[in-house]
Structures are given as C-alpha cells and as structure tokens.
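J.: Construct all of the structure, not just a fragment, from the sequences and the given hints.
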Amino acid sequence: MQYSNKVMDHFTNPRNMGEIEDASGVGTVGNAKCGDIMRVYLDIDDDGIIRDVKFKTFGCGAAVATSSMATELIKGKHINEALKLTNRTVMEALDGLPQVKMHCSVLAEEAVRAALWDYADKKGIEIEGLEKPADDIHDSHHEDIAEDD
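Just so you know, the sequence shown maps onto residues 1 to 149 in my numbering.
Derived from the structure by calculation, the hints contain no laboratory data.
C-beta atoms are modelled at their ideal positions from N, C-alpha and C, and glycine is treated no differently.
Just so you know, not all the hints are guaranteed correct.
The following label-pair restraints were derived from C-beta to C-beta distances [what the hints assert, rightly or not]:
no., residue 1, residue 2, range
1, Gly-124, Gly-35, 31 to 39 angstroms
2, Lys-33, Gln-2, 16 to 24 angstroms
3, Gly-129, Gln-2, 32 to 40 angstroms
4, Asp-47, Met-1, 15 to 23 angstroms
Here are the simulated PhoX-like pairs of lysine-lysine, each with C-alpha atoms no more than 20 angstroms apart in a straight line [as the list claims (entries may be wrong)]:
no., residue 1, residue 2
5, Lys-54, Lys-84
6, Lys-33, Lys-54
7, Lys-77, Lys-54
8, Lys-33, Lys-56
T.: Okay, structure coming up:
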C-alpha cells in the first residue's frame, strides 16, 4: 500500500492534535468495522468562525492523517464553510488515499459534522444543511466508498 508524501507528513507530524477545554462543539465518530475512532473539538466565536480546532484519533496512520488535514481545512473558516468539507476534499488535499483507506476520509468528514451538530445543539440553533450524524460511519452513505472495504 502506497501513501502519498502528504499523508505521511500529516501522519508523522499531525497538526492540531489534542483537546480543547470547554469546546464549543465536540464530535466523536467511529467505524466499528475497522476500529478507528475520531474526536474533533471546535472553538467557535460569536460570528460562527472556527477559531481553533483539535482532534484525537485512535486508528491507523491514514485516520490520523485525514484528521490532521480536515482540521487544517476548516481552521479559521465560518461554520457554513466547514459544513462543505467532504471526504473527497480531504482525500484530494492529501493527494489521494488507497482504496482500502478511503473510509478514513469519511470519518474525518463525519467527525467535523458531529462537532458542528454538537455546537448547534448547545447553542439551540440550526445550521442549514446539517443533519444529525451517524454514530458509526457505515450507517451513512458516501459515494466514494466501496462496499467491500
């Protein structure tokens, strides 16, 4: 299995790893099939800008790399922009992932959405286009995921 240099860089030097105390939103998703668990912490200001984002991931190198890249892609962005993050965006930013590791990019997308959901829930607001996240990513449907991974 061949990983891109960007995947290796984000795995060996992950960005934004850690926790945020009193986070505005926290999202945890897992994949029971592969055992990966990803938690994303968001610090969102009153204007809906993500001031800071951290993650904790239990999983393979690709899971760590996709978490790292996803946090980089949404940091400093408005929540509506963060909502547009897709597993495809994460994969492209990492110069691709092996087919058997594509589910890791879905975990990253879903963890961000779960954290946004938690934020909206705590604030008592609705974020247009945001649906309640699945606890296990195999409950959700993504076009880029082969059923046999």
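J.: None of the hints should be skipped; say for each whether it holds.
T.: To see whether the hints hold, each was checked on the structure:
1. Gly-124 to Gly-35: 31 to 39 angstroms: holds (34 angstroms)
2. Lys-33 to Gln-2: 16 to 24 angstroms: Since the Cβ atoms of Lys-33 and Gln-2 sit about 22 angstroms apart, the hinted range of 16 to 24 angstroms holds.
3. Gly-129 to Gln-2: 32 to 40 angstroms: holds (35 angstroms)
4. Asp-47 to Met-1: 15 to 23 angstroms: Given range 15 to 23 angstroms: violated, Cβ gap about 42 angstroms.
5. Lys-54 to Lys-84: Status holds; Cα separation ~18 angstroms.
6. Lys-33 to Lys-54: violated (24 angstroms)
7. Lys-77 to Lys-54: Satisfied, since the Cα-Cα distance of roughly 14 angstroms is no more than 20 angstroms.
8. Lys-33 to Lys-56: Between Lys-33 and Lys-56 the Cα gap is close to 19 angstroms, so the pair holds against 20 angstroms.
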